[in-house]
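**Student:** Sequence:
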Amino acid sequence: MDREKLDEEIKGKPEKAGVYIFRDGEVPVYIGKAVDIRERLKSYRDPRSTRIGKMVEKADSIDSRVTEDEKEALLLEANLIKKFQPKYNTRLKDSKSYPVIQLGSDKFPAIEATRDPNESATVFGPYTSMKRVKNSIKAVKDIYGITSPKCKRRESKGDPCMDYQIGLCSAPYAGKIEPEKYMENLEKAGKVFEKGPEDLINQIRSEMEEASKKKNFERACTLRDYIENLQSLGGDKGFSETGLTHVIAVNKALDRIGLIVMEKSTIQEKDFYRLNENAESKEDALKAFITQFYASDSLPEKIVTETRIEDDEMIKWLESEGAKYTEPEDGRERVLLDSAKSTAQRPQDTKMKDLGKILDLKVERMECFDVSHTGGKEVVGSNVVFEDDEPVKSDYRKKKLLEENDDYENMYQLLKWRAERQIKGRDERPEPDILLIDGGRGQLKAAAKALREVGWSMPVFGIVKPDDKILGLHRNPEIPDETGQILSAIRDEAHRFAKQYHEKRRDKINPVLEKIEGLGEEKRKALMREFTVSDLEKASLDEISDVEGIGLELAERVKNYFD
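Residue numbers (our numbering): 1 to 563.
If you're looking for bench data, these hints aren't it; they were derived computationally from the structure.
Some hints here could point you the wrong way.
[What the hints assert, rightly or not] Each computed DSS-like pair below joins lysine-lysine, with the alpha-carbon atoms no more than 25 Å apart:
#, residue 1, residue 2
1, K107, K504
2, K195, K214
3, K287, K400
4, K191, K150
5, K83, K16
6, K362, K469
7, K42, K270
8, K287, K83
9, K341, K270
10, K324, K54
11, K416, K499
12, K324, K270
13, K287, K341
14, K353, K87
15, K538, K504
16, K252, K54
17, K107, K83
18, K176, K191
19, K445, K465
20, K131, K5
21, K191, K131
22, K191, K181
23, K270, K353
24, K150, K107
25, K393, K54
26, K58, K559
27, K188, K176
28, K83, K58
[Claimed, not checked] Taking CB as the label site, the calculated pair distances span:
#, residue 1, residue 2, range
29, K181, N405, 26 to 36 Å
30, P328, E15, 34 to 44 Å
31, S394, S105, 24 to 34 Å
32, A253, K469, 55 to 65 Å
33, E68, E310, 15 to 25 Å
Using N, Cα and C, we set each Cβ at its ideal position, and we do this for glycine too.
Put together the whole structure using the sequences plus the hints.
**Tutor:** Next up, the structure:
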């Protein structure tokens, strides 16, 4: 909305406590709270950040909900943010999310540690330490014989997996355990992470004592380690007692938060968050972050901040949720707060800033593009973002492109899509300082052509293997190897992201193939890597049988099915 539209929206809003919602159509794009809704909305006439400015432009209406007091507004804001996850509210820099324990949804569900759980899985956590999670899973696999994803791949060929050989899997897919018994053990394993490990620890302790009596000291030591790992996980975030302290600081620009996660005397996590709130002071920034972050994340036992929040209702809310709020109470907490402040600040010396000096440009934010396909099939493009030498994964984008076996045309289409989104105001992300293309002179020229036709003026460079030479449109800049590492890093990330998306689409199993008798999941995937369904219909018997793992007999079934 423009300034005139914003003023119209503000006029009709109440001068009372409550929550306001910027909407794009029916979709909430930003949610905030205020003691005086109308007065708070006036600050959006002159947004302090580019991102919030773009949010105001994108929104076409503002909704408001009056509450009895600020406390009720605080709780309503937190609930609405958690429910709608508006794109312009605070987001975690998600290069590293918390680990969880996942039980799959297959015939014989597997157990694994992951930071990216499947939607259909049963998930426990999150926890603070991946190491402790993996060690605890090992204990559960040993005692209950729960399989893992890698075991399924091996056992689907008819052989027990390696974990079975060393006592860490019951090999259900190889028929080494009755299905009913496996599911019974799986239920017990789930209870360990759902209710706590005490029963399993007692069971292991009894077995450890028995092993010691038989002088099987190696086994006894292994079991002792299991007990220690399960006890340490028992105090982690996935169980009732968190034992966690969060130390929070704000940078001078009021747009970044430094967060240190402490468990007892050990630092478990150190990360920064981008703050999209239109903050006027450190106190405002802290209040916005705490409300928004803990709307979607469980509270620790203690929160330490550098600036006292003079908001009795917020403090009462935190304490009612079991979190003690305080300023630093001892020397160690002050040291941690200094570390959180450093984490919040934009780094002064980065490879991207060094690159900017060489190119005579400001380089704090950079986007890189790559294309992935197999013979012109399932063509996809990636668009990844680095800021201050760090990936900003929440700003990654991917695009399905036309089926073209033409690398230049594919890059042209990808950059045209990106440029049009920018020019038409459909891309809510901050504008980058430079663009990088994974490819040689041809791809670079194709990208530049797309930018020129759309009218997006942006410095663009290419990076070409094998020596990662940097290409410019008019001259090739001389980039020292150390500075060039950041260009190689973002190119590698763009390549990884594009390849991952391509393989996901390529390996997507077509339901048609599931109807062919004897064609299991792995063999269907093998066929889809080589053919589309339409190509498979036209393929000869020899072409089908040449696919790894298919053979003549299966190839005849496939051929007969389509004939």
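**Student:** Could you run down the list of hints and mark each one as holding or not?
**Tutor:** Against the structure, the hints come out as follows:
The hinted pair formed by K107 and K504 meets the criterion: a straight-line CA distance of about 22 Å does not exceed 25 Å. Only pairs whose Cα atoms come within 25 Å are accepted, and K195 paired with K214 is rejected, the gap being roughly 32 Å. For a cut-off of 25 Å, the pair hint linking K287 to K400 is broken: about 40 Å separates their Cα positions. Of the supplied pair hints, the one linking K191 and K150 holds, its CA atoms being roughly 23 Å apart against a limit of 25 Å.
With a C-alpha separation of about 23 Å, the suggested pair K83 and K16 falls inside the 25 Å cut-off, and the hint holds. Using a Cα cut-off of 25 Å, the hinted pair K362 and K469 holds, with the two alpha carbons roughly 21 Å apart. As the CA atoms of K42 and K270 are separated by approximately 35 Å, the hinted pair breaks the 25 Å bound. Between K287 and K83 the CA atoms are separated by roughly 19 Å; this keeps the pair inside 25 Å, and the hint holds.
The suggested pairing of K341 with K270 holds, with an alpha-carbon distance near 11 Å, which does not exceed 25 Å. For a cut-off of 25 Å, the pair hint linking K324 to K54 is broken: about 36 Å separates their Cα positions. For the hint pairing K416 with K499, the CA-to-CA distance comes to about 20 Å; that is within 25 Å, so the pair holds. Distance hint between K324 and K270 is fulfilled; the C-alpha atoms sit about 20 Å from each other, no more than 25 Å.
About 16 Å separates the Cα atoms of K287 and K341, which keeps this hinted pair within 25 Å; it holds. At roughly 28 Å between alpha-carbon atoms, K353 and K87 are farther apart than 25 Å, so this suggested pair is violated. At most 25 Å may separate the alpha-carbon atoms for a hinted pair to count; K538 and K504 meet this at roughly 24 Å. With a C-alpha separation of about 22 Å, the suggested pair K252 and K54 falls inside the 25 Å cut-off, and the hint holds.
Under the criterion of a C-alpha separation no larger than 25 Å, the hint pairing K107 with K83 is inconsistent with the structure, at around 32 Å. Distance hint between K176 and K191 is fulfilled; the C-alpha atoms sit about 23 Å from each other, no more than 25 Å. For the given pair, K445 sits about 17 Å from K465 by alpha-carbon distance, which is consistent with the 25 Å threshold. Restraint check: the Cα-Cα separation between K131 and K5 comes to about 53 Å, which exceeds 25 Å; the hinted pair is violated.
For the suggested pair K191 and K131, the alpha carbons sit about 20 Å apart, so the restraint of at most 25 Å is met. A distance of roughly 16 Å separates the Cα atoms of K191 and K181; the hinted pair therefore holds under the 25 Å criterion. A distance of roughly 23 Å separates the Cα atoms of K270 and K353; the hinted pair therefore holds under the 25 Å criterion. Of the pairs offered as hints, the one joining K150 and K107 holds, with about 15 Å between alpha carbons and a cut-off of 25 Å not exceeded.
About 20 Å separates the Cα atoms of K393 and K54, which keeps this hinted pair within 25 Å; it holds. Distance hint between K58 and K559 is unfulfilled; the C-alpha atoms sit about 53 Å from each other, more than 25 Å. Pair hint K188 plus K176 holds up; C-alpha atoms about 19 Å apart against a cutoff of 25 Å. The straight-line distance between the Cα atoms of K83 and K58 is roughly 21 Å, inside the 25 Å bound, and the hint therefore holds.
At roughly 52 Å, the beta-carbon separation of K181 and N405 lies outside the given 26 to 36 Å, and the hint is violated. For the pair P328 and E15, the beta carbons lie near 37 Å from each other, so the given range of 34 to 44 Å is met. In this structure the hint that S394 and S105 lie 24 to 34 Å apart at CB holds, the actual value being about 27 Å. Distance hint check for A253 and K469: the Cβ-Cβ separation is about 36 Å, which falls outside the suggested range of 55 to 65 Å.
Between E68 and E310, the C-beta spacing of about 20 Å keeps the proposed range 15 to 25 Å intact.
Of the numbered hints stated above, those contradicted by the structure are hints 2, 3, 7, 10, 14, 17, 20, 26, 29, 32, listed in ascending order.
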